[in-house]
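Q: Below are the chains, spelled out letter by letter.
2 protein chains.
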Amino acid sequence: MPIVKFAPFASLVQPVFWHELTTLKIDVLRLSDEALPITGSYSVGRSVTDKETGNEIALGCNLSVGPESFDKSGQPSPGAFLAKGHFKNYNTIEEFRAADKTALFNQEAEKMWEAIIATRDTSSLSNFLLITYADLKKYKYYYWFAFPAFVAKPAWEIDELGWKTASEGLTNDSLSSIHGQLRANPLPFFLVRASGEIAPVESYSTFFANVPPAEQTIGFVDPSAHPTNPGWPLRNLLAYLHALYPATTAQLRVLCWRDAEIPATPTGWKSRVGALHCKPAAAGARPSAVGWEKNPQGKLAPRVADLAPMMDPKRLADQAVDLNLKLMRWRILPALDLEKISSTKCLLLGAGTLGCYVARTLMGWGVRDITLVDSGRVSFSNPVRQPLFEFEDCVDGGKPKAECAAARMKKIFPGINATGHTLSIPMPGHPVPPASVAQAKEDVRKLEELIEAHDAVFLLMDSRESRWLPTVICAAKGKIVLNAALGFDTFLVMRHGVRASSVRPEATQLGCYYCNDIVAPADSLTDRTLDEMCTVTRPGLASIAASTAVELLAAVLQHPDGHHAAAPAPNSDPAQLVGAGVLGLVPHQLRGFLAQFRNLHIVGAAYGRCTGCSEAVLRAYETQGFDMILQALNDDKFLQKLTGLDQLYAEGEKALEDVDWDVEDDGEDF
Amino acid sequence: MPIVKFAPFASLVQPVFWHELTTLKIDVLRLSDEALPITGSYSVGRSVTDKETGNEIALGCNLSVGPESFDKSGQPSPGAFLAKGHFKNYNTIEEFRAADKTALFNQEAEKMWEAIIATRDTSSLSNFLLITYADLKKYKYYYWFAFPAFVAKPAWEIDELGWKTASEGLTNDSLSSIHGQLRANPLPFFLVRASGEIAPVESYSTFFANVPPAEQTIGFVDPSAHPTNPGWPLRNLLAYLHALYPATTAQLRVLCWRDAEIPATPTGWKSRVGALHCKPAAAGARPSAVGWEKNPQGKLAPRVADLAPMMDPKRLADQAVDLNLKLMRWRILPALDLEKISSTKCLLLGAGTLGCYVARTLMGWGVRDITLVDSGRVSFSNPVRQPLFEFEDCVDGGKPKAECAAARMKKIFPGINATGHTLSIPMPGHPVPPASVAQAKEDVRKLEELIEAHDAVFLLMDSRESRWLPTVICAAKGKIVLNAALGFDTFLVMRHGVRASSVRPEATQLGCYYCNDIVAPADSLTDRTLDEMCTVTRPGLASIAASTAVELLAAVLQHPDGHHAAAPAPNSDPAQLVGAGVLGLVPHQLRGFLAQFRNLHIVGAAYGRCTGCSEAVLRAYETQGFDMILQALNDDKFLQKLTGLDQLYAEGEKALEDVDWDVEDDGEDF
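Going down the list, the protein sequences come from chains A and B. Using this note's numbering, the letters of the first sequence correspond one by one to residues 108 to 777. Using this note's numbering, the letters of the second sequence correspond one by one to residues 108 to 777.
None of these hints come from the bench; they were simulated from the model. What you were told as hints is all true, and nothing was included just to trick you.
No copy labels: a pair is met if it fits in one copy or bridges any two.
Straight line, CA to CA, 20 Å or less: simulated DMTMM-like cross-link-like pairs of lysine to aspartate or glutamate:
| # | residue 1 | residue 2 |
| --- | --- | --- |
| 1 | K245 | D425 |
| 2 | K247 | E639 |
| 3 | K244 | E639 |
| 4 | K506 | D425 |
| 5 | K518 | E497 |
| 6 | K244 | D503 |
| 7 | K506 | D413 |
| 8 | K586 | E722 |
| 9 | K271 | E163 |
| 10 | K506 | D419 |
| 11 | K247 | D634 |
| 12 | K245 | D569 |
| 13 | K208 | D634 |
| 14 | K553 | E510 |
Here the structure is a predicted model, which is why all the values come from computation and not from measurement.
Please work from the sequences and hints to get the whole structure.
A: Laid out in structure tokens, this is it:
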């Protein structure tokens, strides 16, 4: 008598499964290679009719996984049946290759066997195993499915009639009834009485209690559409019955359920029936199992899904950038709040050497909203020092720097939201002629609007006085301010303090850029020699200062107190990260000395007569708005009067008349 | 009787004059605005015949300056006559505008008058004055010429016949003779006897001693071709004669010499003669002078030469980049040897985050020869961190990194000589299969060739073992080695020591990257998890480390001892730049800690059993070449045996068996 042959499961992986795995790996699993439950699903086997020959061609006996496979509460879609699996993702290709597949397989088979014996539960009969290695740098996924199936010894045989269409074994009414019941209550394995009434296999003892053997049918949802080979689930169902009911299952009538729909004609049922028999095996012992899936070349080896070619390059870039950042959380800094950094909207005032490097480092941190402001055009000396410009941007008078930088950022990373604005920032000491007042007012309004719309503002201009107006507006609006300024081989990077009224009263307010000054910012641009007009700095200085400023912002954002965080004492033990956040210290001011390759930490308290951040200045700005600003621009005594610096200066002059002066001017822009 | 009218000088500036001024300003003058002598030249006035009307049209009465004007030993070209000038270049447009032009002018006129009275020398009669302001950022040159001319009061008059052609006053033979004499001995001002014999004006008393007044003629080379207005030089010549010989110069016959060539016909002479007379002025007093040149709009105001539109953009870029660097020497570091840096040929092993930033900073220093080596292709995560790549470089599998980076550098600065090589550097711990030996040999040969052809080599790879082979080759060849390696928020930047045999014997040899190790470099790449495969670092770290490495190279190149310089003691007073060069300290190793924003200075001596730079290794490499390398690649015990590390290790194991270990692994790549 012919031995029953089975169609093994074939894995069908929807591409979105890999995307889901990628996310899971990066955000949740990280370095874990623990085995996790997943689910797959299968449906009744389908076949298509070859239009030329009229032959039925069976489609694959598929077990499918998709994005829902990782969802613990996930239900199969209508008409699909759940298979439970275990999935294990290795960290390296070497571990994946070296994995002890026999042990893994036997472990899974053992679990399935135990579930049968211990709980008489059929829900493990289609269990599967999936091992993977995801090369997320190249979007290549190595994977291998195993569908453990217990081997019957001796094998099951089918009577000489073989597999017949279902209508030869059951009435049309019974089959229609089965169809209806499965639709209402999907059972992958079921018992059938002659009437067509079905019940879970688990109720074998009771449901068939008074039913003559000839009217007992064992049914299962058959993912195979092969005319003579029922699908893999039958193999384990037979092992189940044979193990639990050895006395009554030497002969079985089996229904391979293959009808998703009721056929148009009573003889059109695709399901099949057959009479199987088998000598009982040695009771109790777990039969051996087989089931590693072969690859498309027919070998017992893993498969590879290469998703790179089918992915949208822009999406690839998006994910790749995220990946590099999220990897930080895998091992080194699980507490790092990347979103806090990447969602910070940054305004860069100045798109020169500092501005370009700051923008690049912000992009590296995944910051998505970056706005640049500059009033200049790209000149021929820029590209070798300002890493968002190229030679072609300089010809014909040069492109506007801010817009050009933003356009380049999009070329670097299409996912960025970068914009550039050509805007002159009004400056104290540079009086506004009456004809230009309306323009100045509009420039101020635009600057206020831009600052309002951002969270952090970088002051990256090349003059002292251009930093005044944004300093005042940011202080009034409570924005985070990062300030960077370059000398020849020295730099200053600092964060401005937060207005006292918004800080806990006991905390010392940190100073701003102007807090050390006893004169108001004034015109330093007119009457400059060429070496004063150009940025004469050691070429490596700007990138160091710019990256330091961005990393200071990152550290501040990761500190529990944010930009309200107190500054660490400048002379504290360097190794003791006192007052540090997740990323480390949040100093107030850093002065870098390239000739020594050292940084000096400085803490400076806010100054009550500061022309940039004192209450007198902020209140005057808040109450008088542009009128106050215009006075500050036009009248070089205004800010000194407003803050009382003039009085201090007069007193000081008197007191110091007899002092010997040894004034040193280091020519730096800070 | 008609008053004599004069054609004033018109300045004619050859564009090359401005290029010469630019070079002079940047390289020599720098911040100096001292008045300097220059020269100009003029020729006989020329006219052209209008073909339609047959009228003669006089061309300008030009005084021309060109590149030779700054050359102190410069001689005028044949047929041209020298004018002496003083030139003053201001540092700022404001100083240029505010200059006291009256004082400057009077000073020059005073000098001219003193020269006349004191030395009777005619060589100052065409003196001129030029003040300039050169905006070298925009290639705009503001300038103003003054051609001081003494005003005769009362004015000179000409008899009723006016100016006649020369042939009406002198014979053809005389005129031909004058032409010949002037060609042989160019005299801008001369005396003529009736015979045509000429002499310098300085010999007035003797040459005309016995000549009847009617046969005395005063000649001058006339830059004017105007029919009735002789050129400006005559004005000062008349003032000269009138001042020195008042008694005999109330009436003068004047020859305006305008013939560069002997005419085809005896009546074709273009020179003119006229009979002038004037009442003597008050003796001794300097007459007033006029002579600031009007601008093309007819106003007494400076002119502007805008050279930007006519310059080749690539040349503009070239000069702009140089300018920014040379400005360092103006004020801050006159001793800086820029050429030493810019002429250093740099080889960058690794074109990733570090490689791209190093390349950019080298470009900022004006380095012209940069070669990159990498074996990878640009991937989607690169552009936001690696500043020589863009999104478009990643699609379709990615461009080769080294070549792509080199191409981008040319887009940034067309004057750069950048090349990229795709090359895998063989590594210890990564055995070479027999089939790949030929390829490995070729790779080693290529690497040796590249190192040989460069002066400084940067090790910027992302693994420990890939640095070994270049460390050995560079040590053997005595190249400068800069090494940069990144952790998550820490970096190492160091210069390798120079081989002991090439250093002064008493100096301590500084260590290389491997000198602290007691195990040979081995495979660290296989079996890596995703976060170990990707560079997981704070995004600002690479640019800081890269720029620090380049600035360390710059400091080393400016140190009198070059890369033989001893390292400063790590705990020396930071403010004391002991052992510093022009750019400051030349530390051996810098460890940067971004969580603290601090750098630590470390000095490490070379280790006699080092697998990278010890004599045992270098001699084995020098004697056995590729065979030795192949052993090191294939046999992971080879280097430890060669250096004696194995023996040390065995002894150490024994000695330390009872020690409690508390090993800390910080997962950093150094």
